[in-house]
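Participant: Residue numbers (the numbering used here), protein chains in the order written: chain A, 1 to 103; chain B, 1 to 103; chain C, 1 to 103; chain D, 1 to 103.
Any given hint might turn out to be false.
Stated by the list, open to error - Among chain D residues calculated to face chain A with C-beta under 8 Å, some are:
id: 1; residue: I14
id: 2; residue: M16
id: 3; residue: G17
id: 4; residue: G19
id: 5; residue: L70
id: 6; residue: P73
id: 7; residue: R74
id: 8; residue: F76
id: 9; residue: T78
Read the hints as simulated data drawn from the structure, not as lab findings.
No residue lacks a Cβ here, since even glycine has one placed at the ideal position from N, Cα and C.
Here's the letter readout for the chains.
4 protein chains.
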Amino acid sequence: MELPMKVTAEICVIPMGVGVSVSRYVAACRPILEAAGLNPVLHAYGTNVEGEWDDVFAAFRECHETIHDLGAPRVFTTIKVGSRTDRAQSNQDKIDSVHAGRE
Amino acid sequence: MELPMKVTAEICVIPMGVGVSVSRYVAACRPILEAAGLNPVLHAYGTNVEGEWDDVFAAFRECHETIHDLGAPRVFTTIKVGSRTDRAQSNQDKIDSVHAGRE
Amino acid sequence: MELPMKVTAEICVIPMGVGVSVSRYVAACRPILEAAGLNPVLHAYGTNVEGEWDDVFAAFRECHETIHDLGAPRVFTTIKVGSRTDRAQSNQDKIDSVHAGRE
Amino acid sequence: MELPMKVTAEICVIPMGVGVSVSRYVAACRPILEAAGLNPVLHAYGTNVEGEWDDVFAAFRECHETIHDLGAPRVFTTIKVGSRTDRAQSNQDKIDSVHAGRE
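With the rest of the complex left out, here is chain A (with noise of 0.2 Å):
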């Protein structure tokens, strides 16, 4: 039986084949990760989650498949994804660590 994995990650898409302008791509994921649970948090070069490995990854197919049927023949993505064991930590707790200057 699979264990619980839970994860911080940040995902950053850029569709190809559709001109330089991406963003109404980008715009079509963000229904997508906030129905999955996933707390997303838009920044300028991606977008932070945080959930169960499963949740992440197929809401992370979803966006891709979402992006194909908008018309972008190809899709490129950059992944980070973060897991611990030694305790839980949120994408909020590690902003909070940084700016306490300690983890």
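Given chain A, put chains B, C and D in place with the hints provided.
Facilitator: Same frame as chain A, now just chains B, C and D:
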């Protein structure tokens, strides 16, 4: 019903909290990627694979679990993943295209 | 003569060989990025900046040097960088475009 | 006075606004990286190089400039870069370490 989605991907795992030398953790991922039939190709900044989205990310998850089992309390991973609907393209095809100066 | 090249970028530094907690190393980068006038915005998976290519990468180099000086024998960093010739675009412009569902 | 900083790095360039096929742009980077003496090794998700920090990032900048000159209005690039003070390590050393299951 979920349609198949063939992808090429790159994974680069960084175990944290285990000292400066991490190769044995990286080495432990190889049999996982091979057993999953993902055709892994190791390079100096990661391992390239190819296969169905769900198979690729299930194997990546297993890499995280295995690295934790080997004693790393924290794993930071970067992933690139690409899908295209216009035609099939393997990792070797991508290299061949650049060598030919076209795609 | 080298022309100016304005870029937006994201940096995410991972000190290795210093244990599982790395926030004080990440925190040491902020004053470097601020002093360089790069308008840093911290998020949970990195810091976004903007400025001239040479200024951005000189500051990123100084981050590596500082983290080594603080005692980390190894630093692994991921960077995203974007340039465009069609128009100027700040990090805030990018976020605004996605919120507007266009670019 | 600035000390030398030897790094290994990976660059993956994505020209945007030029259609779905981007290999000729990627191919144009190779002679730049070779002329800079960075020992480039192409793989399916980027090119690995090694050299002094300043030489590496001057060459990466020249890649952006060249891709723009070839007609791409926007370039999105992901970079990994590593430095270490405990010992010298080339890209080939990194691969050998993983194959040996140690570092």
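Participant: Work down the list of hints and note, for each, if the structure agrees.
Facilitator: Hint by hint, here is what the structure shows:
1. I14: holds (6 Å)
2. M16: holds (5 Å)
3. G17: It holds, given that the least Cβ distance between G17 (chain D) and chain A is near 3 Å, below 8 Å.
4. G19: Check passed: Cβ of G19 (chain D) comes within 6 Å of chain A, closer than 8 Å.
5. L70: violated (14 Å)
6. P73: Nearest chain A Cβ about 5 Å off; hint holds.
7. R74: holds (5 Å)
8. F76: Holds, about 6 Å.
9. T78: holds (6 Å)
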